[in-house]
Amino acid sequence: MRRFLRSGHDPARERLKRDLFQFNKTVEHGFPHQPSALGYSLSLRILAIGTRSGAVKLYGAPGVEFMGLHRENNAVVQIHFLPGQCQLVTLLDDNSLHLWSLKVKGGVSELQEDESFTLRGPPGAAPSATQITVVLPHSSRELLYLGTESGNVFVVQLPAFRTLEDRTISSDAVLQRLPEEARHRRVFEMVEALQEHPRDPSQVLIGYSRGLIVVWDLHGCRVLCHFLSSQQLENVCWQRDGHLIVSCHSDGSYGQWPVSSDSHPAEPLRNCVPYGPFPCKAITKISWLTTKQGLPFTIFQGGMPRASYGDRHCISVVHDGQQTAFDFTSRVIDFTVLTEADPAAAFDDPYALVVLAEEELVVIDLRTAGWPPVQPPYLASLHCSAITCSHHVSNIPLKLWERLVTAGSQQHTHFSTMEWPIDGGTSLAPAPPQRDLLLTGHEDGTVRFWDASGVCLRLLYKLSTVRVFLTDTDPSDNLNAQGEDEWPPLRKVGSFDPYSDDPRLGIQKIFLCKYSGYLAVAGTAGQVLVLELNDEEAEHAVEQVEADLLQDQEGYRWKGHERLCARPGPVHFEPGFQPFVLVQCQPPAVVTSLALHSEWRLVAFGTSHGFGLFDHQQRQQVFVKCTLHPSDQLALEGPLSRVKSLKKSLRQSFRRIRRSRVSSRKRRPAGPPGEVQEGGARAERTGLQNMELAPVQRKIEARSAEDSFTGFVRTLYFADTYLRDSSRHCPSLWAGTNGGTVYAFALRVPPAERRMDEPVRAEQAKEIQLMHRAPVVGILVLDGHSVPLPEPLEVAHDLSKSPDMQGSHQLLVVSEEQFKVFTLPKVSAKLKLKLTALEGSRVRRVSVAHFSSCRAEDYGEHHLAVLTNLGDVQVVSLPLLKPQVRYSCIRREDVSGIASCVFTKYGQGFYLISPSEFERFSLSTKWLVEPRCLVDLTKSHSRPRNGSGPEKALGRARNSGSQSDGEERRPGPVMEHALLNDERVLKEIQSTLEGDRGGVSRS
Amino acid sequence: MNRSHRHGAGSGCLGTMEVKSKFGAEFRRFSLERSKPGKFEEFYGLLQHVHKIPNVDVLVGYADIHGDLLPINNDDNYHKAVSTANPLLRIFIQKKEEADYSAFGTDTLIKKKNVLTNVLRPDNHRKKPHIVISMPQDFRPVSSIIDVDILPETHRRVRLYKYGTEKPLGFYIRDGSSVRVTPHGLEKVPGIFISRLVPGGLAQSTGLLAVNDEVLEVNGIEVSGKSLDQVTDMMIANSRNLIITVRPANQRNNVVRNSRTSGSSGQSTDNSLLGYPQQVEPSFEPEDEDSDEDDIIIEDNGVPQQIPKAVPNTESLESLTQIELSFESGQNGFIPSNEVSLAPVASGTNTETHAPDQKLLEEDGTIITL
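Top to bottom, those sequences are chains D and A.
For the first sequence, full-length UniProt numbering gives the first residue as 1, with consecutive numbering after it.
For the second sequence, full-length UniProt numbering gives the first residue as 1, with consecutive numbering after it.
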């Protein structure tokens, strides 16, 4: 219809929009989901991690990050850096090889794929003939030796991947050159290991799976020596001087073999089963590292006694009579030992052990006694316990920051003092302009405080709320407590612990006041804790209050979980945030909204039954309001009875996705980044069509007052505004429900000097029922200049202009379907934007953000940043509610990603792309946190151990999403299938998520 | 009859019920015993008495909970009106000879301007005589075919009038594919189709929608390129005033475009549909009226009211004429009382809100005199 068309664009506004808004996906924080390969360059001092979805991520010094994505959606199986070069080769599980390099482009450079190659055998050969099992980049920098399942070793020339057929080392050729007695059973077995001689580039060691190891002379094409083991071979390594090789086997043993040039089969110098005598699991990888002191380090993976410890994921370090089996909580993918980089050095002198486990990266300091772990500055396991909510606070005052860092440093005493050993490259990114905190709430009742100012998301401080409650497991009986002479000498390392003692402890809402240091957290069992930052440890009792949200509702039966039992008496708290008040909602339903006003010392909380206001200064309840609709049977009977609670189904969908995400191409944006293109959606649907899915029906039914969960409190908001008359403003509390109702309460807060003497009073002043009855997701009051009211204490700290209290205030109510502006104090409708009626999308997240211009230094505007259920991010202007820009950000099927999104105050945002990774994006032209870094071989090797040539390489971070790098991120056809396979599951998740609305149901 | 049952439903509230009756520009307030409402004739007499119009034939209407103006002309709908009034029963009285039947029905009170202009100045609408099928004042419109003159004959634009919350729209949609003629020849494109009609539901009762009809537009917005979920959400968001354009699966019952038909609508030639209570509303235009302007505010006095629309500072010409009209109507035989007759223009029907409105109107007054 004509009326929806805007009459012409204002060119000045369009220009200004370009100065204000821009969409970029800037950096991925956290630990890569489902890592599958590890690589390390001793010369570059850069670590590479490959994932099952085909991503390659490179990490150097903090801030130095690169990311690349294979076009194919295949798992990365191996990563090898080419010696002394800024290049690496990856092997995917489809048997293709890819050459990547860090190339300079316009002063900064990018990680890009140069070539790809698939090894082809002669026509008619079995596919296994060319199935690559090991890759050896030769130190000549030109050749790649490829061991295969057939036992042949192929040679290809780099960088073009030209196969040198005449140089193939076939298993037959090796067999012929073996003495007679070694020949009989060694045919057609796969190559398990390929190692270049550390001193002589013309010799390579080839290990075959049935136990034969040969040293092959590349020039003379002959076997220099061979070793026969009675056990299946797993891996081999050279001693640094080339006089000794160490092999490890499938029975959990390892053997040392002296290398001599006589062709007699050598006998092992020593053969031992470290965790024998009972049957052991295989040792899959071993490192034998010499030191100046003389005694070598033996580091091996696996080998645990099969019966009692076969399920452990261990890496053992043996040195100088000490032995420790580091016990990881998730499967070990690979490990590498950081040693002397100069190939000419006499000793390895290992200084750190880097272990890539499935859920975390652990670095162990091998120089400090006791081998303590090193705290990683990046690659943090965000999902140590599943993330249940997140909260972002911008621009933290220095004082609070320092106190947090101090509190956190006391929790990190078990870490080594060693500097982060992986320090290749230099970060060129400017220092972060402000200190930002990202708080994540977890299923186990902890809140983690992350430094989100820059590229590296670093853990500052961890708060646990568990101590306040009595739980089944007493923290004192520690599983780690083991006797001195325990064998094997297991030691738990890492922080990944997905098991929660009690799901009721889960954190659901967080609210931090950055000026006062007050924090409110609320959880699954209706618990609301108010905490205060204290630099000293303390022991005190937590005041408990019960808030009965049902009041006079009759006939109520709560079938859900019990409320948590608080620990009686004084509790000891470590320095940091210490709780002093515990409010427990009755019934103990999930807390669905939370607001804290530190100036008035009030905390408001809401559940699916109602909301309440608590005065934490006087420590008493001000009022509670029941929002239940009398006909809302589902809420009355408790959400866990027949219908899943929103949060629970969310969590389940997280889990389901965690399992089913394997093949989904999460990193590829829904379409090309930038303005939304209609064609994308159409193409996707055509794709769906081809799959011949059974048609899904949707029922068309208006929302009615009888929908379930109408009383569910979605949002709470404090404002000092003109609620009752236009002459006097007063504190007020606003609450919005799932049924489209807004309640406003006028508050009377006694002045500071009588704050403890007079009670806080509240009186309901207004109730607005939106006729479209969509859930209210945001409430905001705009001052006389149409600027959002500042946060509490912001004005007192001179960080914001005081709001204009002269002009008339306006109320903005954002429901899932519409944005509406009303006048205050007399509520009359002024403006609206009907989002759903026009485009069929619904608001999932909304937040006020300040957008600064990239041209004019001091120019900025306040607008609404909006995320819809289609995964689009939009900017809607204030106060006129005009849509400004719209970009597609998250795949619409990625329900957990959309649910996890948080916006910052300055137009950035975070969402989970996997259970363990946040993607950071920016809508602002000015606030962009993205890695910009330089990898310079000569500079980064000021340390003596660098021996490589003077090549230089500039590194630039991963391609930031916006730069329409279409060729890099083109979604392949494979990915479409992956998506489609998950379609049913995702639809199911979607429907459980939307079950509370009842408006749309599958038939 | 089930009169006592209805009383049971209503008697949960207080014993007495407030009645606010409006005739022309005048209001009368009185109360009734909720449990004993009496007969319609008695009530009719009472109204004539309180308004001092003993010998005038009038039509009595009331505003139901959805804001629709419904008639009271027998005991049944009188009792219905009494039992559903919550807490106030708003009565509208029109002289029979001036009465405008189109004022009754869905959304009539939401279109305040229409009600007012209709009630206050009925001859304004007389220019378009109605096709009176049956007693229209006794029915609500449930659906209409609109925009016949601007649509291709193969398409049909249907407006569904949903009233209340008790009845769903009553249909289901699904994904499907249809064949389109494109510059590249015939092409299969994804589309949205009606998959099922709920028996007895609104959609089925209209007879204008059928299974396998392709949905082309929802309230003027094309659905191509939108997902099933998006279209569902659009329909639900527009459910109070849903206009869907379909390409009927059965093309034999299409509206025959008649060269004489110059209006914006036509008549259905579908004989099979005659049995349904469909009504062709000739005067409908999908104009800018807003179906969900009627958010409700409860101030601290506890009385629910509709939220008025804030009068914009730059007064549009349209609303000017409205105000002007109501002034004129004031001269049209009634005692002109600005307060009473104008407040509803800006604020629904409740006089509690007039203090701020008064101010606005004074500002407007200068413009009006131009």
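FYI, nobody ran anything at the bench for these hints, they're computed from the structure.
For every residue, glycine included, the Cβ atom is placed at its ideal position computed from N, Cα and C.
Some hints here could point you the wrong way.
Here are the in silico distance ranges between beta carbons for each label pair [what the hints assert, rightly or not]:
1. A:A249 / D:S330: 49 to 59 Å
2. D:L880 / A:T154: 49 to 59 Å
3. D:K103 / A:H184: 23 to 33 Å
4. A:E18 / D:Q617: 37 to 47 Å
5. A:E18 / D:P11: 35 to 45 Å
6. A:E18 / D:G807: 36 to 46 Å
7. D:P11 / A:H184: 30 to 40 Å
8. D:S330 / A:H184: 46 to 56 Å
9. D:K882 / A:T154: 28 to 38 Å
10. D:S802 / A:H49: 34 to 44 Å
11. A:G185 / D:R120: 53 to 63 Å
12. A:F30 / D:A12: 58 to 68 Å
> CB of A:E18 to CB of D:P11, is that within 35 to 45 Å?
Replying inline: 57 Å, violated
> Between A:E18 and D:Q617, is the Cβ distance one that fits in 37 to 47 Å?
Replying inline: 44 Å, holds
>> Quick check: does the Cβ-Cβ distance between D:L880 and A:T154 fall within 49 to 59 Å?
In response: 40 Å, violated
>> Within 34 to 44 Å: is that where the Cβ-Cβ distance between D:S802 and A:H49 falls?
In response: 60 Å, violated
> So the hint says 28 to 38 Å: do the beta-carbon atoms of D:K882 and A:T154 match that?
Replying inline: Holds - the Cβ-Cβ distance for D:K882 and A:T154, about 37 Å, lies within 28 to 38 Å.
>> Tell me if the beta carbons of A:A249 and D:S330 are separated by a distance inside 49 to 59 Å.
In response: For A:A249 and D:S330 the Cβ distance comes to about 56 Å; the hint holds.
>> Is 30 to 40 Å respected by the C-beta to C-beta distance linking D:P11 and A:H184?
In response: Once the Cβ atoms are compared, 36 Å apart, the range 30 to 40 Å for A:H184 and D:P11 holds.
> Range hint 58 to 68 Å: satisfied by the CB atoms of A:F30 and D:A12?
Replying inline: 60 Å, holds
> Between A:G185 and D:R120, does the beta-carbon spacing fit 53 to 63 Å?
Replying inline: Cβ of A:G185 to Cβ of D:R120: about 41 Å, so the range 53 to 63 Å is violated.
> D:K103 and A:H184, beta-carbon distance inside 23 to 33 Å?
Replying inline: Since D:K103 and A:H184 have Cβ atoms about 41 Å apart, the given range 23 to 33 Å is violated.
> Given a hinted range of 46 to 56 Å, is it respected by the beta-carbon distance of D:S330 and A:H184?
Replying inline: Given range 46 to 56 Å: holds, Cβ gap about 53 Å.
>> Within 36 to 46 Å: is that where the Cβ-Cβ distance between A:E18 and D:G807 falls?
In response: 37 Å, holds
When each numbered hint is compared with the structure, violations occur for hints 2, 3, 5, 10 and 11.
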